[in-house]
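Q: Read off the chains here:
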Amino acid sequence: GENVEQHPSTLSVQEGDSAVIKCTYSDSASNYFPWYKQELGKRPQLIIDIRSNVGEKKDQRIAVTLNKTAKHFSLHITETQPEDSAVYFCAARSGDKLTFGTGTRLAVRP
Amino acid sequence: DVKVTQSSRYLVKRTGEKVFLECVQDMDHENMFWYRQDPGLGLRLIYFSYDVKMKEKGDIPEGYSVSREKKERFSLILESASTNQTSMYLCASSQYRAGELFFGEGSRLTVL
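Heads up: the protein sequence lines correspond to chains A and B, in order.
1147 is the number of the first residue of the first sequence in the numbering used here; add one for each residue after it.
4 is the number of the first residue of the second sequence in the numbering used here; add one for each residue after it.
Honestly, the hints are just simulated from the structure, not real lab data.
Because the structure is a prediction, the values reported are computed rather than measured.
Every residue, glycine too, gets a C-beta built ideally from N, C-alpha and C.
Careful: at least some of the hints might be erroneous.
To spell it out: a stretch of chain B is covered by chain A in this simulated footprint if at least three of its residues, at any positions, have a beta carbon under 8 Å from a beta carbon of chain A; those stretches are [said to hold, decoys possible]:
1) 23–30
2) 98–105
Far from chain B by the CB rule (all over 12 Å, computed), these chain A residues [stated by the list, open to error]:
3) Gly1201
4) Gly1241
5) Arg1251
With the hints as constraints, model all of the structure from the sequences given.
A: Have a look at this one:
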């Protein structure tokens, strides 16, 4: 089955700086890669996703890049704000299953 | 606005008890899922269902079963709870198989 590795497990940045979270996957057949954000005590929510026929996707301050050859994808957050503090999960879909990474706890220092 | 409701936010059960976790969604979604969330392990898929009375094993189905008698309701059952099933359980639904997951608020289960 699919295996998704996510790094780093924790990340602390100064407000205004950029944050990058990286994920690798094992199954070359995976074709859909979403990112979910979970604020403290709340449910995970989709923030951005990318499909395998696209190399990059951007939505305001967040962007996701995908390298199918290397089987890795990354989340980039620019101009971080305190409300970006949360746990972020990457995921990869292979067949009917969506496999999540282990999560990255991002702390944005004011 | 999609709403996924889990009936219990917090439960405390004893080893060996039978536990039911209920999940209801109000958006007529075909697809429903049960995940388990543990620190350092992320979200792991227990079971999923793409139709009424249909169920498929996820990555960690051992010790669990599910029931989907109605489209809007997906129940997770622990036949005989064990301490290693202490965890946060998240239900989710989606309109499309490869689409956005809408999660419930979670049920935190403690097995003593």
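Q: For every hint, state whether the structure bears it out.
A: Taking the hints in turn, this is what the structure says about them:
no.: 1; hint: 23–30; in the structure: violated (count 0)
no.: 2; hint: 98–105; in the structure: holds (count 4)
no.: 3; hint: Gly1201; in the structure: holds, 19 Å
no.: 4; hint: Gly1241; in the structure: violated, 10 Å
no.: 5; hint: Arg1251; in the structure: violated, 10 Å
Hint violations for this structure: numbers 1, 4 and 5, all remaining hints satisfied.
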